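**Student:** One letter stands for each residue in the lines below.
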Amino acid sequence: MLELRKDIFADERDDNLKEIGKGTQRQDMLGHVTGTSTYFDDHKLQGMLHLKVLRSAHPHARLRRIDTSEADRAPGVRRIIRGSDVPRNLNTLLSLINFGKDDEPTLAVDKVRYKGEPIVAVVADSPLEAFEAIAKIRVDYEPLPAVFDVEEALKPGAPVVNETYPKNTFTYHERYDHQKLRFGDVERGFAESDHVLEQRYQMSPIEHAPTETNGSIAAPDTNGRYVVYTSTQALFFSLDTCAKILDVPSNTFHFIGGTVGGGFGGKVDTLTEPLAILGAMLTGRPVRYVLGREEEMQYGPPRGAERIFIKDGVKRDGRIVARKITAYFDSGAYTRLSSYAVVKCAAHLPGPYTIPNVYGDIYCVFTNRTPATAMRGFGVTGMDFAIECQMDKLAHLVGIDPMEFRIINAYRDGDMKAHRREAKNTALIECVQVAADKAKWPLREEFKRMSSRKEGGGARAEIPPTPREPVASRPAPAQQRTSYDRGIAMPASEQRPVAPPPPPAPPSPPAAPSHGATRFSSVFGTRRR
Amino acid sequence: MAKTALQFRHNGRDVAIFVDGGVNLLLALRELIGDMTPKFGCGQGGCGACSVLIDGELHLSCLTLAETVAGRSVETLESMKDGPNLHPLQRAFADNFAAQCGYCTPGMLMAAKALLDRNPQPSRAEVVEAISGNICRCTGYEPIINAVLAASASRARA
Amino acid sequence: MPVTVKTFASTSEVAAALSSDRSARYLGGGTLVMRALNEGDISIATIVRAADTTLTRIDASSSRVVIGAGVTFARILAERDLAFLHAPARSIGGPAVRNMGTVGGNLFAPVPYGDFTVALLALDAVVSVHGGLGVRDIAIEEFLQSRERHGGTLVLSVSCARPASADAFRYRKIARIKPKGGSIITLAAHLPSGGGRINGARIALGSMAPVPIRAKAAERALDGRSLDGTAISAAAAAVTEGISPADNALASGWYRREIAGVHLRRLLSGQE
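Residue numbers (our numbering), protein chains in the order written: chain V, -12 to 516; chain F, 1349 to 1506; chain Y, 25 to 296.
This is chain V alone, in the form it adopts within the complex (with noise of 0.2 Å):
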């Protein structure tokens, strides 16, 4: 009978678990001070070559002619890749949980939409003389007007971004240009208010500037496979990502990760592995893509701008009884995250607030700017921003201190939230007494003694009657196909039929969930209480 020597290791661990209120010492720690934790640029590979790429010029153009000749003949080129050398040259980065529509090639091939998209790689001895060949690269463009606002690029005859989804809106279930929220019915609610406040709300993009710059190193390993060093702050899904633009089996790739210089989202987009993996390919030689600075600001994806419009109706008393919100979310050219940014945001409305009657309208919209994508919070932290700009002017409005403001509205346990679900511990009215206590802002005492946990549910449990819309009857867009896809077969999951789009409200069956669905049901929105 084999029998595992556990009593060796008797002493090895303490599984008592007790580890809150003493200080722990991080693993990573002693490498951080030493300078010794390895990051994927610290990496000596033998014979390794750069890989550099040409940006468009042009923020909407259509490529007429790449000229790549000169480039080819260069000194120290090793290899020149265009958009056909990429095995599926184009892919959205959330095609793996089934969500979203191809729309981004790796390498623009007839057409780029936002300046400084990639359009040729440049494989060679060295950065400089990848720099050299770049500028022997000839594009000849064709400059087409551009859209960069949001609302612009909703209007009619606005120039169409991204052929995948010609109304420049992200599509939802199928058919939906956008997402909404519906709960209780904000007309009433405003007509029974004593103050109405409309106001608009615009966020710049923000890029996350980490010190170690966007990059990945891919070097050909033994049995045909590939090593990636890489920055990527999500590796799986960046090996798989890449396993699908390549074209090849995910065990193709052993990815090494882990370290990462600086994230906050910014490196989730596996920007630079397919392109230093395909170079590794067609080289046999380890290849490096890192972007510079001047890259990584201008060209890596920033969180997103938003523009928010707030309409709210508050009573004299400070309560808010009607709250309705349409939001454009700026995605830039391609989709990336943004799609599932705007699902966090309908779901976050109306902020942790009891309001009776919600209406939500929230947008994806593609413009000729650089994609935008995943950043601390992203979806819920713009619209923080506006929601709480909102409630100081609410405050204001009704003479009422903005700390007690916020308690008067606050969520409590037992409330059911507009997206229809019971608020389950939640604690903003403790959040803002401590706040209060910590910055000496005088609170009236009912309003220190007052509790998430009480006076919650009962008639603020109900779920409000709620209008319902007519749904716009519009047939579902026909599957978007561009030249990119070079006739390779879609995925059987891209014609599996989708779930069937949930109905505006009250509560019904639950929809049958997709592949997927249960797993990630933020996204799909299926999962229903």
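It is possible that part of the hints are untrue.
Said to hold, decoys possible - Covered by chain Y, according to a simulated footprint, are these stretches of chain F (three or more residues, beta-carbon under 8 Å):
| id | stretch |
| --- | --- |
| 1 | 1411 to 1420 |
| 2 | 1477 to 1486 |
| 3 | 1492 to 1502 |
Unchecked claim - In silico lysine-lysine, DSSO-like type, Cα no more than 27 Å apart, as pairs:
| id | chain 1 | residue 1 | chain 2 | residue 2 |
| --- | --- | --- | --- | --- |
| 4 | Y | Lys202 | V | Lys425 |
| 5 | Y | Lys30 | F | Lys1351 |
| 6 | F | Lys1351 | V | Lys31 |
| 7 | V | Lys167 | V | Lys331 |
| 8 | V | Lys9 | V | Lys425 |
| 9 | F | Lys1351 | V | Lys123 |
| 10 | V | Lys31 | F | Lys1429 |
Please keep in mind that the hints were generated in silico from the structure rather than gathered at the bench.
The structure presented is a predicted model; accordingly, all values stated were derived computationally and were not measured.
Even glycine gets a Cβ: it sits at the ideal position worked out from N, Cα and C.
Following the hints, put chains F and Y in place on chain V, whose structure we already have.
**Tutor:** Structure of chains F and Y alone, referenced to chain V:
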């Protein structure tokens, strides 16, 4: 292609390499010497991740033409430890949570060392000034400032 | 092709090399040239260096101060006789940049850099250059207006008269990032006075044009007057006359125009 012979002291040892024209010291240290402690952050002098000491003075290795250090002494984070023992600054950075992603840490430590080598008991304002050329995107700087002051205090006690 | 590095013993050899090769760039502290190379600037084929120690000389013993083009900002800060230039020197970069960056290089630094040059412009400095026709002195204002043409020459030194008092020269750099950041606007004022009246005021502005410029309308508002509230208000009101700053990542041109008068008022009235 012509390369230039270059000799200098690297962390107390004499080294000799051949560099291409125009190569910066950061590249020479990382790719030719194999010292990966200085980091590339911007190549513009904006972030300080590549900071090293040249003859005891704080310099940005990415903006230093490699051949200008001929005959000089270059010191990087690699040499900060004393055998297995951490330098007081390294110990203080670890104890004060002064590193998160760790990428700016080598440059921060060199900037802090340049300060303490000349001014062992700096004020808080002097610490802030000393690391003002180094960008940290994770910590918000406060833990780093506290760590430098803690290292200064620990050396005063020792 | 790798870059060719040429090191010469004398400044005249450097000047000859620069004037004969359009692709040659002079390497001072490295903060401009190496940066360009790192970002993939392929127009630089040759780097020229000087081993001549005259470039790093400081002569601060007399009323006229001469500073070699290769003098770093750290050296200026270490020089007690150059106290009037400490504020502009300290406003540049972090310690590492001050250990590297030079007075000569700063003359060529594009917006939002070049703060030290703003101070030199207010001090009516003279730039000594070695060009194809030999050594000559150029008034800094003229030098800056034709800066692009001076790329093929070697700056040897800058010189200026020492201000009569600490109060006669003032400097302020406005940045968003504390304690250091790129300039939104940089202001320097030299206010020579006699008999209680300002005579020959110089107000220089950085980041308000592609090169540092003088606010001549504000200077006129001060000349012949004592530095009182009325004169300061007149100068502040006139500071942007004829000046149209550009937008950049740090601030819009509109914002720069709006704040120029505010900061000039604070500078002249000695407010923090």
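**Student:** What's the verdict on Lys9/V and Lys425/V, does the C-alpha distance respect the 27 Å limit or exceed it?
**Tutor:** With Cα atoms ~24 Å apart, Lys9/V and Lys425/V stay inside 27 Å; holds.
**Student:** For the pair supplied as a hint, Lys202/Y and Lys425/V, is the alpha-carbon distance within the 27 Å limit?
**Tutor:** 25 Å, holds
**Student:** Per the coverage rule (Cβ-Cβ under 8 Å, at least three residues), is the stretch 1492 to 1502 of chain F covered by chain Y?
**Tutor:** violated (count 0)
**Student:** Tell me if the straight-line CA distance from Lys30/Y to Lys1351/F falls inside 27 Å.
**Tutor:** Judged against 27 Å, a Cα distance of about 13 Å means the pair holds.
**Student:** Keeping to a limit of 27 Å between CA atoms, is the pair of Lys31/V and Lys1429/F held or broken?
**Tutor:** Holds. Lys31/V to Lys1429/F sits at ~23 Å (cutoff 27 Å).
**Student:** For the stretch 1411 to 1420 of chain F, do three or more residues have a beta carbon lying closer than 8 Å to a beta carbon of chain Y?
**Tutor:** holds (count 5)
**Student:** For a C-alpha distance cap of 27 Å, please report whether Lys167/V and Lys331/V respect it.
**Tutor:** Judged against 27 Å, a Cα distance of about 12 Å means the pair holds.
**Student:** Using a Cβ cutoff of 8 Å, are there at least 3 residues of the stretch 1477 to 1486 of chain F near chain Y, or does the coverage claim fail?
**Tutor:** Since 6 is at least three, the answer is holds.
**Student:** Hey, Lys1351/F versus Lys31/V, does the alpha-carbon distance stay inside 27 Å?
**Tutor:** 20 Å, holds
**Student:** Between the alpha carbons of Lys1351/F and Lys123/V, is the straight-line distance 27 Å or under?
**Tutor:** Measuring from Cα to Cα gives roughly 25 Å; hence the hint holds.
Violated hint for the displayed structure: number 3, the only one.
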